[in-house]
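Visitor: Here's the letter readout for the chains.
8 protein chains.
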Amino acid sequence: MTLTVYLSGEIHTDWRDQIIAGAADLDVSFDSPVTDHAASDDCGVAIMGAEADKFWHDRKGAQLNAIRTRKGIEMADVVVVRFGDQYKQWNAAFDAGYAAALGKSLVVLHGPDHAHALKEVDAAALAVVQEPAQVVQILRYVLTGKLPQ
Amino acid sequence: MTLTVYLSGEIHTDWRDQIIAGAADLDVSFDSPVTDHAASDDCGVAIMGAEADKFWHDRKGAQLNAIRTRKGIEMADVVVVRFGDQYKQWNAAFDAGYAAALGKSLVVLHGPDHAHALKEVDAAALAVVQEPAQVVQILRYVLTGKLPQ
Amino acid sequence: MTLTVYLSGEIHTDWRDQIIAGAADLDVSFDSPVTDHAASDDCGVAIMGAEADKFWHDRKGAQLNAIRTRKGIEMADVVVVRFGDQYKQWNAAFDAGYAAALGKSLVVLHGPDHAHALKEVDAAALAVVQEPAQVVQILRYVLTGKLPQ
Amino acid sequence: MTLTVYLSGEIHTDWRDQIIAGAADLDVSFDSPVTDHAASDDCGVAIMGAEADKFWHDRKGAQLNAIRTRKGIEMADVVVVRFGDQYKQWNAAFDAGYAAALGKSLVVLHGPDHAHALKEVDAAALAVVQEPAQVVQILRYVLTGKLPQ
Amino acid sequence: MTLTVYLSGEIHTDWRDQIIAGAADLDVSFDSPVTDHAASDDCGVAIMGAEADKFWHDRKGAQLNAIRTRKGIEMADVVVVRFGDQYKQWNAAFDAGYAAALGKSLVVLHGPDHAHALKEVDAAALAVVQEPAQVVQILRYVLTGKLPQ
Amino acid sequence: MTLTVYLSGEIHTDWRDQIIAGAADLDVSFDSPVTDHAASDDCGVAIMGAEADKFWHDRKGAQLNAIRTRKGIEMADVVVVRFGDQYKQWNAAFDAGYAAALGKSLVVLHGPDHAHALKEVDAAALAVVQEPAQVVQILRYVLTGKLPQ
Amino acid sequence: MTLTVYLSGEIHTDWRDQIIAGAADLDVSFDSPVTDHAASDDCGVAIMGAEADKFWHDRKGAQLNAIRTRKGIEMADVVVVRFGDQYKQWNAAFDAGYAAALGKSLVVLHGPDHAHALKEVDAAALAVVQEPAQVVQILRYVLTGKLPQ
Amino acid sequence: MTLTVYLSGEIHTDWRDQIIAGAADLDVSFDSPVTDHAASDDCGVAIMGAEADKFWHDRKGAQLNAIRTRKGIEMADVVVVRFGDQYKQWNAAFDAGYAAALGKSLVVLHGPDHAHALKEVDAAALAVVQEPAQVVQILRYVLTGKLPQ
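Residue numbers (full-length UniProt numbering), protein chains in the order written: chain A, 1 to 149; chain B, 1 to 149; chain C, 1 to 149; chain D, 1 to 149; chain E, 1 to 149; chain F, 1 to 149; chain G, 1 to 149; chain H, 1 to 149.
Rather than coming from a laboratory, the hints here were simulated on the basis of the structure. Glycine included, C-beta positions come from ideal geometry on N, C-alpha and C. A hint or two may mislead.
To be verified - From the structure, some residues in chain F lie toward chain E, with a derived Cβ separation under 10 Å:
no., residue
1, L3
2, F30
3, M48
4, M75
5, V78
6, H116
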């Protein structure tokens, strides 16, 4: 068995790197959104031309990013969504809902402070964890049946 | 043509009542989540027994509410999602993602302050508006072809 | 909102009648398998001719019953599956898996003794309860937002 | 033609090894659930933290295992489900129902004593056999057209 | 429970009338192809203009009839396909395959002489019968649980 | 049998009225896009606010109209697309492609001059006609089996 | 572009070999049913045990063969169905219907005598030809754009 | 992440070559329709025999080409549709609608003069550009996160 995993959500810490490094010996392929915040915000106008109105500036970028995020979620067996401590992160919750509707295995990663606010998202997940290392343990168990020592 | 509309999101103002009243003469049927906040939070334990751990208290409630919200979204032609000024509202963004993945016509309702944070949600929508009255105008136009005077 | 509910599983007690009576004031329509055990076992040969081999006797009946059970599950918004105290009841677990794969809202009804053996089935459910009255409370809450007093 | 086969059900005998060994010369890839009973029962709490309540202990494990079992069934061309002599094995019947709803080719493996109790499961199958060697014969015939001598 | 039944196949005997009359007290709605042989053959050219080449004459008619047959099969819960004693009846077998691929409950109606030639079609069916009266008995049992006396 | 028919395409002649009048005695329900050209062009900005850039002016309107057109096509059994003598009419061809991908029965209505340019669209259709009266004849035949005299 | 092609239907001439040989230089992979008539008829009882009743003898075989044929059709981009001069060949028409319902590109291969009897099957096809060499020409054109000289 | 891209539409300029050359260092595989205009028009009759009536001449070709175009669109992650300055190009708009209904990421490529006439097509797209080089920039950004300098 191999797994394709999409890592959605918070882009300001190195949680993706931790998971990818921890799972280096496993038969997993990872996809992610573009995590360069500036590029992600401006990609639309950089390629398709400037907009006077910030709303359309954002629209062009968000639709362009959707080419990558939709592909990533649709190809995935497991979608991991991380909620960080800051920002609204509505795109993360949107991705979680999108993944749930497609029947993907959803793993949610967040600190205990967000538990109540994320209860509907967590309720759609097959696992809820607090640390990236636990995501690695999940992938290892799912693929090999080995539990952490 | 008739429309089934699901009204998702913020539950602390009367925006749903405004839309339903404004559309009273149209061939629309509306569904919504349970909007009694206390009942929505405690429904799981009230019916299925108390939990010592708040996480499972929340889980029981969120899964019970999912029976209604999933049905509501899946039956809908149009899903309207409102983001208010307060709270994380991750369930609203989750519903928007769920609706988008099912190919529903998505209408997003929020104030201008949230525009940048909601750009991925807005980018999946067929309409983005600021006021409940605009949702009524949209429904009226879609069903009758009449524009506001 | 209306709900279509399919009542699958144990056929030796009156749990279906309890639920239907309890939900008499709600906008719910119920479907069930044929609950006449003898008719259900013999329907195939009664209509399509006797079989010397019990295996084919059973096959004819089970396939005929499948016309009704598949229709019932596929039309349902909510599938309630009850496991009683006796028998293997593999058809009940089969129906639960069938409903889960179709994305139906699954409610499982069983006594506490079966909890460990049913953990995979329960894990696919949005609610797990012990008494038919709790199913009625769930349907009432989902449709009206009212909790039991 | 190649086949992907998921081997679901009983985990206390070596029937999977027999099939895999017997099909070693065929173009088949096999997947299975985690068959280490203790790991399978405790995986959830081992990775995501202990639970005071056995119900949630089981839930965490069952949902984690579902990441693997759902992937295995969804990727499979053929789902083989074995029912052994002991235990309730409701998860096996659940997997059979799940596979049937997805339109997978279902092969059921059980002794003659279970035939009546499994009639609904058997009726959804394309083959019902008693011995692992027959599953190998089926795979060989499907892939090569060769019958056993 | 109500059933929608599509009656496909042989058009030279009154088997449809027998079934419809026999099921008059049941909650069933029936659809059928156009059973006027001449109209069915010539409908395309009658409406869309004559063709010099019989192949296109037939094509125009067959595609026009497909509007009705596809709708009938797609709406049906149960597809009954009857094979008579004469003609190739490839359209009947085509309809059976179409219905099977859509997951419809298939009932096949034919005399014993055709059993071997129809074995693949029968193998996709939930019931195989010889007489229209048996179809009525099946519908009665599925809807009411009553067996013939 | 009843039919739901969506009338897509050219909005400058009364072809829809001719079909609806001609089919008045048939069990058909019709849907159409908004056929008021000015309203259709300006609906977005009239409800959601003016745009300085014509591109976004058009975008707002086209997305709003999509709520109606997608619903109309998705609900339809038969999608009739008419190409007139003037304009690019790319939205008509887009609707035809959309309907074809959803497996709808497609009827194309155009004059002989457009036959070569529309060959790919026609090739996806079950009927190609030149006059609205022929669409009525098709609906009458499909529903009643009656051919024009 | 690569193509996966399933060759269904008549098994008494070497038409499959002609197509496979003719397409040897193309990027096509072919699948077929088991074409050993005796093995195909008896596979079920050879593996799963003898049956006294020919009907169940045939059933066991037909369901076993369905594992291969359904996989072959579901994996295919193009399904070629050949009707020979003899026999009822209802399984060929069944496969054509099955493929059509799944949206596969259907190519039908038969002599001119069968044209009227196969008009519904032909009407669901993207190409109708008389000779295996034409199927090779079709595959070559689809993959390379080259026409026969 | 890898991308499969289908290049639909205008066949009289070298825009496909520009995109393929520009993306030579990216992990993209491209498919296209047959772009030899004469072969595309005549393929049907060249392989399946001449037709006296141009309508059927075109039909045979268009259906044969559909084997390739449907496969190309269905396999694609991204469908790019270019509208040139000339011709009706209804097949391009048809492909866009087909892709949209399948949920493909749609990129539309056209000059500013066509913006109003293409507003419904553009409204279904995730990106609208004017030059082939912008399509390359989009593919590069989606796959690598790099923006043009």
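Visitor: Would you pick out the hints that fail for this structure and give their numbers low to high?
Guide: Violated: hints 2, 3, 4 and 6.
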